[in-house]
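Participant: Please model the complete structure; the sequences and the hints are all you need to start from.
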Amino acid sequence: MHNDNLNPTEDIIIYRDVHKWFGDFHVLRGVNITIKRGEVVVVCGPSGGGKSTFIRTINRLEEHQRGDIIVDGIELTNDLRNIHAIQREIGMVFQSFNLFPHLKVIDNVSLAPFWVRKWSKEEAARVAMELLERVGIPEQANKYPGQLSGGQQQRVAIARALAMQPKIMLFDEPTSALDPEMIKEVLDVMIELARSGMTMIVVTHEMGFAKEVANRIIFFSDGNIVEQNTTEEFFRNPREARTRLFLSQILTH
Amino acid sequence: MAVQPKILKPPPTEVGLLGWLKKNLFSTWYNVLLTIFSVIFIYFVSRAIITWVVRDARWEVVTTNFRVFMIGRYPREQAWRVLVSLGIIVFLAFLTWVSKGNPIPRWLVIGWLLSFPLIGILLRGFSEESSFLPLVSEDIWSGLLLTLVLAIVGIVASFPLGVLLALGRRSKLPAIKVLCTVYIETIRGVPLISVLFMSQLMLPLFLPPEIRLGTVMRALTGMTLFSAAYTAENVRGGLAAIPIGQYEAARAVGLNEALVMGLIVLPQALRAVIPAIVGQFISLFKDTTLVIIVGLLDLLGIAKSVTGQKEFIGLHKEVYAFAAAIFFICCFTMSYASRRLEQTLGVGER
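Residue numbers (our numbering), protein chains in the order written: chain A, 1 to 253; chain B, 1 to 350.
No wet-lab data here; the hints were simulated from the structure. Note that the structure is a prediction, hence the values are computed from the model and not measured. There may be inaccurate statements among the hints.
Under the rule of at most 25 Å between Cα atoms (straight-line distance), these lysine to any residue pairs were calculated in the SDA-like manner [unchecked claim]:
(1) A:Lys104 with B:Leu270
(2) A:Lys118 with B:Glu248
(3) A:Lys118 with B:Asn256
(4) A:Lys143 with B:Lys286
(5) A:Lys104 with B:Val265
(6) A:Lys104 with B:Arg271
(7) B:Lys286 with B:Gly189
Facilitator: This is how it looks when you write it as structure tokens:
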């Protein structure tokens with residue numbers, strides 16, 4: 001119901017039998033998945049199951065060793081041009097924010113548009129200001145990241161990722177490092193983003209967020225997708241024993 | 001009914017001058033003893049020093065030879081060129097000081113960059129026949145002038161070289177990595193004196209015969225190569241302190257490897273190692289005195305030769321005290337500038 005303007009059947013991310021090893025450890029064990037344009041996918045599962053590694057292979061922060069990854073029609077190979085082309089199309093938000101501490105908030109956001117998209121300084125700053133307004137902290141533009149609260153920093157990180165006008169946004173446990181009272185302000189920004197039609201892949205245990213905006217939930221364990229379903233079906237009717245165990249652990253308290 | 005607790009003043013023995021004295025100097029009986037002994041000690045030492053400086057020392061050895069200390073054998077009638085050079089540097093330093101900019105405005109950076117070749121030409125001149133700027137070969141530069149030229153050129157040239165070596169040592173390409181590592185470890189395993197000797201003897205062998213470097217240039221090359229290896233290790237320490245998340249975030253917004261380094265990693269790494277690098281530059285400044293062993297007369301070399309003058313026999317103390325004071329002023333200035341730089345750049349620390 002969001003993204004009527006886009007062709008909803010177009011596949012933006014395709015994984016075919018993707019494997020990855022860290023040394024001897026088999027992290028991704030033949031992942032197959034297709035994600036459509038405008039879809040909001042929540043990835044959950046026990047820690048060490050490979051879900052972080054999975055989303056970090058989408059923008060080549062981790063290299064896969066077997067299988068095919070195709071993002072927006074470009075295949076991820078060792079060709080640096082392909083890697084940079086894909087990284088420009090994908091925004092990423094990290095658990096620990098990873099803002100650039102030596103740059104002001106506004107420069108954190110306008111850096112990549114200026115240097116990579118080659119926009120003029122004024123244009124990059126104007127867009128950065130608009131994004132800071134969108135995430136609700138325009139008044140912090142001239143501070144340094146270290147002067148902001150965790151929630152504010154994470155919202156700057158979202159603005160920074162959006163500044164490159166990505167087609168896909170990846171979130172790697174965006175609220176796990178936040179104090180409880182700051183989680184909502186970040187989730188609100190993410191919900192607004194999801195409703196605007198952005199393709200999002202979110203590793204999170206915030207099941208409230210999942211219920212509110214996710215089209216699909218993927219349960220990731222032992223290096224592969226154990227179960228995936230629409231959000232409603234996933235909670236109402238989990239098929240796998242591992243999924244039921246995991247849900248009972250995170251939903252009981 | 002609840003009684004509001006009164007806000008009391010602290011007892012007078014705890015605050016103010018009296019409190020400070022009590023807390024820091026007379027808190028226990030051994031601190032009282034220590035304070036008394038220290039006061040007596042400081043009194044006698046400073047009285048001896050002041051008496052010598054004011055009454056006994058014969059400073060005419062310094063005042064008479066002042067020009068020699070400053071520029072050594074640089075021709076007297078050309079001394080204005082040194083003064084103009086000094087003026088340019090003081091002027092630029094003053095502008096940098098008052099601009100307080102972060103970053104420093106671009107025109108000032110250009111000014112600094114232009115000042116080096118300008119001063120080089122001004123000091124060295126063109127050729128023997130030139131009436132405006134006759135040649136003053138750098139091999140007769142001496143005194144404080146030579147010390148400053150060696151130190152400043154050494155610092156300015158070794159810094160970028162050191163950064164490149166540090167990056168090379170972390171390179172993914174094995175050839176570059178091995179080359180840089182071998183270079184850094186070799187230089188660090190050898191004393192500066194031997195590097196200076198080697199640069200005097202070996203450099204002409206490596207260079208094509210048309211390029212003939214004078215003693216000063218060869219010493220300068222040796223010092224630069226030496227200092228670069230130490231800078232490289234300091235910078236490497238700074239690079240190692242940058243969390244992996246910074247690289248990941250920079251790549252994730254689409255920066256290529258060069259931009260990741262130039263915009264994100266190096267600015268943070270260099271800022272973190274300012275104290276270490278300035279410390280190393282201070283020691284480079286003092287190490288310039290070693291050029292005396294290849295026959296150059298820096299400030300200390302000049303001092304040594306001044307003590308040999310017939311009319312000032314036996315005035316070693318005055319001469320060396322003066323030289324030491326100049327070294328102290330230069331090194332302290334560097335140290336102070338470094339602290340100011342840290343403060344200016346320190347905003348927004350994690």
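Participant: Quick one: which hint numbers does this structure break? Sort them smallest to largest.
Facilitator: 4
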